[in-house]
Structure formats: C-alpha cells, structure tokens
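The chain contents come next:
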Amino acid sequence: MRESQIMFLQYMTGLLILVFGSFHFLLISVLSPSPQKVLYIYSGINASHILVGGTLYYTWVKAVYSSLIWGSVFELLLTFLVYHVFNGFRVILSEIIPGGRAEKAITYILFIAGLIVFIWGTRTVVIGLGGGF
Amino acid sequence: MTIENKKGWISWFNPFKYGSDRWMFALHRLTGIVLGLYLIAHVWETSNILNGQVTWNKIMVDLDYPFGVHFGPYILSLVLVAAVYHAFNGIRLTIVENGLMLPRPYRPEYPYKAKSLSGLNNVLKIVLGIFMIAVSAIGIIYIFTGVII
Amino acid sequence: MEQLILKDFGEVVKTVTFRVRRYDPEKDDAPRYEEYRVPVQKGMTVLDGILYIKEHIDHTLSARYSCRMGICGSCGMIINGKERLACQTQILELGKDLIKVDPMGNYEVVKDLVPDLSKLFRNHQNVKPFIIRDEEEPKGEYLQTPGQRERYAMFTDCILCGLCLSACPTSASDELYLGPQALAQGFRYIADNRDLGFEERLNVLDSKHGVWRCHFSGACSEVCPKGVDPALAIQLLRQVMTTNVFVRFKQKGTETGPERKSVSGVS
Numbered sequence: 018m019r020e021s022q023i024m025f026l027q028y029m030t031g032l033l034i035l036v037f038g039s040f041h042f043l044l045i046s047v048l049s050p051s052p053q054k055v056l057y058i059y060s061g062i063n064a065s066h067i068l069v070g071g072t073l074y075y076t077w078v079k080a081v082y083s084s085l086i087w088g089s090v091f092e093l094l095l096t097f098l099v100y101h102v103f104n105g106f107r108v109i110l111s112e113i114i115p116g117g118r119a120e121k122a123i124t125y126i127l128f129i130a131g132l133i134v135f136i137w138g139t140r141t142v143v144i145g146l147g148g149g150f
Numbered sequence: 033m034t035i036e037n038k039k040g041w042i043s044w045f046n047p048f049k050y051g052s053d054r055w056m057f058a059l060h061r062l063t064g065i066v067l068g069l070y071l072i073a074h075v076w077e078t079s080n081i082l083n084g085q086v087t088w089n090k091i092m093v094d095l096d097y098p099f100g101v102h103f104g105p106y107i108l109s110l111v112l113v114a115a116v117y118h119a120f121n122g123i124r125l126t127i128v129e130n131g132l133m134l135p136r137p138y139r140p141e142y143p144y145k146a147k148s149l150s151g152l153n154n155v156l157k158i159v160l161g162i163f164m165i166a167v168s169a170i171g172i173i174y175i176f177t178g179v180i181i
Numbered sequence: 013m014e015q016l017i018l019k020d021f022g023e024v025v026k027t028v029t030f031r032v033r034r035y036d037p038e039k040d041d042a043p044r045y046e047e048y049r050v051p052v053q054k055g056m057t058v059l060d061g062i063l064y065i066k067e068h069i070d071h072t073l074s075a076r077y078s079c080r081m082g083i084c085g086s087c088g089m090i091i092n093g094k095e096r097l098a099c100q101t102q103i104l105e106l107g108k109d110l111i112k113v114d115p116m117g118n119y120e121v122v123k124d125l126v127p128d129l130s131k132l133f134r135n136h137q138n139v140k141p142f143i144i145r146d147e148e149e150p151k152g153e154y155l156q157t158p159g160q161r162e163r164y165a166m167f168t169d170c171i172l173c174g175l176c177l178s179a180c181p182t183s184a185s186d187e188l189y190l191g192p193q194a195l196a197q198g199f200r201y202i203a204d205n206r207d208l209g210f211e212e213r214l215n216v217l218d219s220k221h222g223v224w225r226c227h228f229s230g231a232c233s234e235v236c237p238k239g240v241d242p243a244l245a246i247q248l249l250r251q252v253m254t255t256n257v258f259v260r261f262k263q264k265g266t267e268t269g270p271e272r273k274s275v276s277g278v279s
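Protein sequence lines, in the order shown, are assigned to chains L, G and E.
In terms of the working numbering, the first sequence opens at residue 18 and continues consecutively.
In terms of the working numbering, the second sequence opens at residue 33 and continues consecutively.
In terms of the working numbering, the third sequence opens at residue 13 and continues consecutively.
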C-alpha cells in the first residue's frame with residue numbers, strides 16, 4: 018500500500034473511533050444496564066472495598082457482553098482502534114529509528130503485536146456472545 | 033570532521049518558543065502513546081469477564097483501589113481527558129491536514145506571520161477547545177460523583 | 013530631524029553577554045560554551061555582535077554569512093532557543109542581557125556556528141525542483157495566467173536557509189524525512205500548471221519519510237524568515253495526495269505522451 022492510503026485509513030479509523038467510542042462512553046454512563054448509573058457501589062459506609070453494584074458489577078458487564086449489538090460495537094471499535102493505535106506506534110517508532118532493516122522489523126513486530134491484541138479482544142467478545150462465561 | 037547535532041525525539045515534547053500548533057502536536061503525540069498503551073491494558077482488563085464473578089469483581093476493586101488508595105477516579109479522569117483531547121484535536125487535524133479550512137496561497141508581507149497557523153485554524157482550535165472542556169468536565173463530574181449532566 | 017537621528021547613531025546603549033557554542037573539530041571532542049561581552053549600538057544585529065567578537069575579542073570564532081540583509085539565507089542560527097537569521101535579529105529587540113547563540117539543530121556541525129547544509133540540498137534535489145515536460149525541446153512559451161501563478165508564487169520565496177528543518181520536530185529524530193523545505197518546493201512544482209511531473213515525484217513525496225511524516229506542528233512556518241509558510245504547502249500537497257488516494261499510478265518509469273495532464277489543470 019502507498020503511504021497515503023495507509024494514512025487515509027488512519028484518518029478514517031480515527032473518525033470511526035470517535036463515533037463508536039462515544040457509544041462506549043454512553044454505555045458506561047447513560048445507557049448502563051444497571052439500575053444505578055454509577056460505576057462502583059461498595060457495601061458499608063467506610064468503604065470496605067466489597068463491590069455490590071454499579072455499572073462495572075459482574076452481572077451488568079455480563080449483560081452487556083451477551084448482547085449482540087454491543088458485541089458488534091465492541092468488535093468494530095476494537096478493529097478500528099487496533100489499526101489506529103498500531104499504525105500510530107509504527108509512525109512514531111519509524112521516526113525514532115528511521116530506515117533500513119530496523120524499520121522493517123518495527124513494522125512486522127507491531128503487525129504481530131496488533132494481531133495479538135486484536136485476537137485477544139475478539140476472543141472476549143466472541144466467547145461473551147456465545148455465553149461461555 | 034563534523035559532529036551530529038540532532039535534537040532527538042526528546043525535543044518532540046519541548047514545545048516552548050513556537051506557536052500553539054507546536055504545543056498541540058506534543059500533546060497529541062503524548063496522549064496518543066498513553067491511550068495506545070491504555071488500549072492494551074484495557075483489552076487485558078476486560079478479558080477477565082470470562083473468568084467468573086469473583087475474579088472480575090476483585091479486579092474491578094483492585095483497579096479502583098490500587099495499593100489500597102482510591103486512585104481509580106483519577107486514573108479514569110486522566111484517560112478521559114487524554115481521549116477527549118486526542119479526539120477533538122484529531123478532528124481538527126483531519127480537517128486541516130487535508131488542506132481544508134486553510135488560506136489559499138497568499139502574498140507574504142512583513143512581518144511574515146504565517147496565515148496557516150491562524151485564521152480558520154484558530155477558530156477551529158477555540159471552538160473545539162470549548163467542546164473539549166465541556167465534554168471533559170461532564171465526564172469528570174460523572175466519574176467522581178455519578179451525576180450525569 | 014536628520015541630525016537628531018545621527019546624534020544617537022553609534023552610541024553604545026548597553027553591554028550584553030553573548031554565550032556562543034564553540035566547537036573546533038581539530039581541538040575539541042565536544043562542544044562548549046564561551047561568553048563574550050559585547051557593547052551594543054542602536055540597530056546592531058546578532059550577526060554584527062558575532063562579527064564584533066570576531067574582530068575584537070576572539071578571531072577563531074566561525075560563522076557563515078554573506079549578504080547581511082536577509083536575502084542569502086546563510087546565517088541561520090538558534091538565538092535564545094529559537095531559529096532565526098542572525099542578520100535579521102536586532103539585539104535590542106530581543107530585550108535580553110544574555111544572548112545564547114547555537115548552531116542550527118538537526119544538521120551536522122562543521123565548526124562553531126557553521127552547519128553542514130548538504131542534507132537540506134540533497135532533500136531539495138530529491139523532489140526534482142524543476143519543471144518536468146515530455147518534449148525534449150520546448151516548442152514555444154508555456155502559458156500561465158496570473159491566477160495560476162498565484163497558486164504557488166509564495167513558495168518560490170524560499171531562500172534555502174534551512175531554519176525550518178532545524179525547527180521541525182520530525183526532522184529532529186528522523187534524518188530520512190524530507191523536511192518542510194523540500195516538501196514545500198515539491199508542492200511548488202506540482203501546483204505549477206506547466207509541470208507534468210507529479211507521478212515522478214510521487215516516489216519521493218509519498219514515501220515512508222515523505223509528506224505523511226508531517227504532523228502540522230507549524231514550527232517551520234513559525235520560524236520562516238520569508239513567510240513562505242511551508243506548513244501550508246505541505247497541507248495543500250497532502251490534499252493533492254488525498255484526492256488521488258485511490259488513483260493507481262505507474263510510479264517507476266512513468267509514461268509520457270500527449271494524454272499526460274498536469275495535476276493543477278490543463279497545461
């Protein structure tokens with residue numbers, strides 16, 4: 018691919034992350050499936066650090082991961098993010114160590130690292146959708 | 033014999049003496065690196081949902097109280113501000129780096145102030161900056177109090 | 013009135029300290045700083061100060077200059093942390109008692125304040141800074157309207173002083189990066205309606221260390237002593253790239269012929 022095509026995708030994924038990222042932020046606030054729209058609810062007044070509710074409580078997070086809509090939002094967001102982040106890292110690193118074998122090595126290493134992160138996240142989404150908790 | 037006089041990558045984060053665009057570049061790069069590393073951590077963190085209720089709840093509490101101190105909201109706020117900054121500056125860069133909202137080529141006149149760094153570019157900076165502050169404020173208020181404005 | 017102006021002329025207003033970075037390849041292993049006290053008259057530039065040091069205090073100090081009036085672009089230096097032409101910087105306008113003078117960054121240093129600008133010229137050559145045509149002998153004049161000239165005229169003002177490469181944060185770490193000067197000149201020829209060489213330049217401009225390594229930090233336009241605004245040229249060049257992003261180009265051994273068109277319109 019020409020560099021201009023790579024960077025065109027960088028801008029496009031950036032804008033798509035903006036859209037899907039806003040859904041993600043709405044999910045943990047307004048659209049939270051938990052009755053109280055708070056991130057954490059602890060038992061006891063003196064914060065005994067036992068989680069009993071809130072958006073990040075197991076039941077509600079599980080409910081989100083079981084939904085097909087949120088699952089696909091996460092998967093798309095993950096795809097765009099991995100491309101954007103690892104291409105960004107490639108740009109930054111190729112500016113620190115420009116040219117030659119080092120730059121090629123950086124490209125391959127970051128490609129594999131990005132693939133690992135992508136597979137790891139996809140695993141969570143797919144198993145979550147399949148209900149294999 | 034000549035000697036190298038490279039400023040090096042450390043000078044990316046030395047935006048003094050130049051204009052506001054230079055500051056925004058340094059911050060964009062810094063927040064980009066931070067958010068990229070956060071993504072990796074976040075993918076690990078959320079993958080724990082598959083490990084059952086006890087593990088998940090324990091990790092959530094550990095992340096909210098790292099080392100027994102209530103740091104969670106501060107970390108979340110920092111990530112939020114970084115994400116909001118990167119997003120809004122990213123919108124500006126997408127517009128401006130593709131040659132939109134920039135002046136047409138003009139006749140330079142003394143004192144040779146660059147027009148690409150002012151004009152509509154500055155309007156974008158101010159408008160998006162106001163949005164950025166508003167969104168960050170709403171987010172931080174929510175993270176600390178649970179109140180959605 | 014004339015006499016009043018002449019009365020102040022030549023009077024020493026104040027004395028400032030010049031802290032100059034010295035490096036002698038025959039003696040020093042590493043650069044060091046040396047301080048000089050320079051009496052300042054009204055209207056004296058930093059270059060005048062350096063020449064005063066050379067004449068009266070230390071003859072071994074080296075600096076490159078020729079025209080002393082901001083035309084030749086030889087005397088670029090980092091003065092008080094910012095890239096400027098020494099001949100265009102008034103000492104009194106700086107308003108500081110300590111003036112720190114460094115050679116330009118991101119270049120190799122030959123001696124004291126003299127940078128080796130061959131990197132700048134090499135990059136400039138790489139973007140083919142000339143009009144590319146198909147025919148070997150021009151058959152007549154190539155026509156151009158004033159409006160077509162306006163599209164690139166401001167970028168012809170570049171004097172190759174190299175200040176932008178010293179200020180650019182990408183050039184600071186990436187020595188293969190073309191730099192603002194070369195990219196702006198690339199755009200200057202691409203935007204020219206007489207030129208047909210877009211595809212030839214694409215190999216260099218659209219490479220891994222070409223136009224996309226600019227991140228619009230604006231430092232180049234901030235320091236440009238001629239107001240060339242290289243940042244604007246790079247963004248406009250990127251617009252050309254983006255509009256042609258899905259077009260397939262024959263990059264090596266480009267075709268020639270009557271069907272070849274200029275990017276900026278019919279020639």
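Calculated from the structure, these hints are not laboratory results.
Just so you know, not all the hints are guaranteed correct.
[What the hints assert, rightly or not] In silico DMTMM-like cross-links for lysine to aspartate or glutamate, where the CA-CA straight-line distance does not exceed 25 Å: (1) G/Lys39 with E/Glu120; (2) E/Lys94 with G/Glu141; (3) G/Lys147 with E/Glu162; (4) G/Lys38 with E/Glu120; (5) G/Lys147 with E/Asp169; (6) G/Lys39 with E/Asp114; (7) G/Lys49 with E/Glu187; (8) G/Lys38 with E/Glu46; (9) E/Lys112 with E/Glu162; (10) G/Lys38 with L/Glu120; (11) G/Lys39 with E/Glu162; (12) G/Lys38 with E/Glu23; (13) G/Lys38 with E/Asp41; (14) G/Lys49 with E/Glu105; (15) G/Lys49 with E/Asp60; (16) L/Lys79 with G/Glu141; (17) E/Lys131 with L/Glu20; (18) E/Lys112 with E/Glu46; (19) G/Lys39 with E/Glu147; (20) L/Lys54 with G/Asp94; (21) G/Lys49 with E/Glu47; (22) G/Lys39 with E/Glu46; (23) E/Lys131 with G/Glu36; (24) L/Lys54 with G/Glu36; (25) G/Lys145 with E/Glu212; (26) E/Lys131 with L/Glu120; (27) G/Lys49 with E/Asp114; (28) E/Lys108 with E/Glu23; (29) G/Lys147 with E/Asp114; (30) E/Lys220 with L/Glu92; (31) G/Lys145 with E/Glu46; (32) E/Lys94 with G/Glu36; (33) E/Lys39 with G/Glu36; (34) G/Lys145 with E/Asp169; (35) G/Lys49 with E/Glu162; (36) G/Lys39 with L/Glu120; (37) G/Lys39 with E/Glu38.
[What the hints assert, rightly or not] Now the in silico label distances, taken between C-beta atoms and shown as ranges: (38) G/Phe48 with E/Asp41: 47 to 55 Å; (39) L/Ile129 with G/Phe163: 47 to 55 Å; (40) G/Tyr106 with L/Ser84: 25 to 33 Å.
All C-beta atoms in this analysis are idealised placements derived from N, C-alpha and C, irrespective of residue type, glycine included.
To see whether the hints hold, each was checked on the structure:
1. Annotation: proposed proximity of G/Lys39 to E/Glu120 holds, straight-line Cα distance about 11 Å (limit 25 Å).
2. For a cut-off of 25 Å, the pair hint linking E/Lys94 to G/Glu141 stands: about 21 Å separates their Cα positions.
3. In summary, the hint linking G/Lys147 to E/Glu162 is supported, as the alpha carbons are separated by about 15 Å, within the 25 Å threshold.
4. Using a Cα cut-off of 25 Å, the hinted pair G/Lys38 and E/Glu120 holds, with the two alpha carbons roughly 8 Å apart.
5. Restraint check: the Cα-Cα separation between G/Lys147 and E/Asp169 comes to about 15 Å, which is no more than 25 Å; the hinted pair holds.
6. Under the criterion of a C-alpha separation no larger than 25 Å, the hint pairing G/Lys39 with E/Asp114 is consistent with the structure, at around 12 Å.
7. A C-alpha spacing of about 23 Å is found between G/Lys49 and E/Glu187, which places the hinted pair at or below 25 Å, so the restraint holds.
8. Only pairs whose Cα atoms come within 25 Å are accepted, and G/Lys38 paired with E/Glu46 is accepted, the gap being roughly 21 Å.
9. Restraint check: the Cα-Cα separation between E/Lys112 and E/Glu162 comes to about 39 Å, which exceeds 25 Å; the hinted pair is violated.
10. A hinted pair counts as satisfied when its Cα atoms are at most 25 Å apart, and G/Lys38 with L/Glu120 qualifies at roughly 19 Å.
11. With a C-alpha separation of about 36 Å, the suggested pair G/Lys39 and E/Glu162 falls outside the 25 Å cut-off, and the hint is violated.
12. With a C-alpha separation of about 40 Å, the suggested pairing of G/Lys38 with E/Glu23 is violated against the 25 Å cut-off.
13. Distance hint between G/Lys38 and E/Asp41 is fulfilled; the C-alpha atoms sit about 16 Å from each other, no more than 25 Å.
14. Proposed proximity of G/Lys49 and E/Glu105 is supported: the alpha carbons are some 16 Å apart, at most 25 Å.
15. Taking the CA atoms of G/Lys49 and E/Asp60, the gap is about 23 Å. The hint holds against a cut of 25 Å.
16. Of the supplied pair hints, the one linking L/Lys79 and G/Glu141 is violated, its CA atoms being roughly 63 Å apart against a limit of 25 Å.
17. Pair hint E/Lys131 plus L/Glu20 holds up; C-alpha atoms about 23 Å apart against a cutoff of 25 Å.
18. Of the pairs offered as hints, the one joining E/Lys112 and E/Glu46 holds, with about 10 Å between alpha carbons and a cut-off of 25 Å not exceeded.
19. The straight-line distance between the Cα atoms of G/Lys39 and E/Glu147 is roughly 45 Å, outside the 25 Å bound, and the hint therefore fails.
20. A distance of roughly 20 Å separates the Cα atoms of L/Lys54 and G/Asp94; the hinted pair therefore holds under the 25 Å criterion.
21. With a CA separation close to 23 Å, the supplied pair G/Lys49 and E/Glu47 stays within the 25 Å bound.
22. The straight-line distance between the Cα atoms of G/Lys39 and E/Glu46 is roughly 21 Å, inside the 25 Å bound, and the hint therefore holds.
23. With a CA separation close to 12 Å, the supplied pair E/Lys131 and G/Glu36 stays within the 25 Å bound.
24. Between L/Lys54 and G/Glu36 the CA atoms are separated by roughly 57 Å; this puts the pair beyond 25 Å, and the hint is violated.
25. Annotation: proposed proximity of G/Lys145 to E/Glu212 is violated, straight-line Cα distance about 33 Å (limit 25 Å).
26. Between E/Lys131 and L/Glu120 the alpha-carbon distance is near 21 Å, which keeps this suggested pair within the 25 Å criterion.
27. Taken as a hint, the G/Lys49 and E/Asp114 pair is honoured in the structure, with Cα atoms around 15 Å apart against an allowance of 25 Å.
28. For the given pair, E/Lys108 sits about 19 Å from E/Glu23 by alpha-carbon distance, which is consistent with the 25 Å threshold.
29. Pair hint G/Lys147 plus E/Asp114 does not hold up; C-alpha atoms about 28 Å apart against a cutoff of 25 Å.
30. Under the criterion of a C-alpha separation no larger than 25 Å, the hint pairing E/Lys220 with L/Glu92 is inconsistent with the structure, at around 29 Å.
31. For the given pair, G/Lys145 sits about 33 Å from E/Glu46 by alpha-carbon distance, which is inconsistent with the 25 Å threshold.
32. Distance check on the hinted pair: E/Lys94 and G/Glu36 sit about 19 Å apart at the alpha-carbon level, within 25 Å; holds.
33. For the hint linking E/Lys39 to G/Glu36, the alpha-carbon distance of about 16 Å falls within 25 Å, and the restraint holds.
34. Taking the CA atoms of G/Lys145 and E/Asp169, the gap is near 14 Å; set against the 25 Å cutoff, the hint holds.
35. Proximity of G/Lys49 to E/Glu162 is assessed by CA-CA distance (about 31 Å); at most 25 Å being required, the pair is judged violated.
36. A hinted pair counts as satisfied when its Cα atoms are at most 25 Å apart, and G/Lys39 with L/Glu120 qualifies at roughly 20 Å.
37. Taken as a hint, the G/Lys39 and E/Glu38 pair is honoured in the structure, with Cα atoms around 23 Å apart against an allowance of 25 Å.
38. For G/Phe48 and E/Asp41, the hinted distance range of 47 to 55 Å is not satisfied, since their beta carbons lie about 29 Å from each other.
39. Separation of L/Ile129 from G/Phe163 is about 37 Å and departs from the stated range, judged on CB atoms against 47 to 55 Å.
40. For the pair G/Tyr106 and L/Ser84, the supplied restraint of 25 to 33 Å holds, since their beta-carbon distance comes to about 30 Å.
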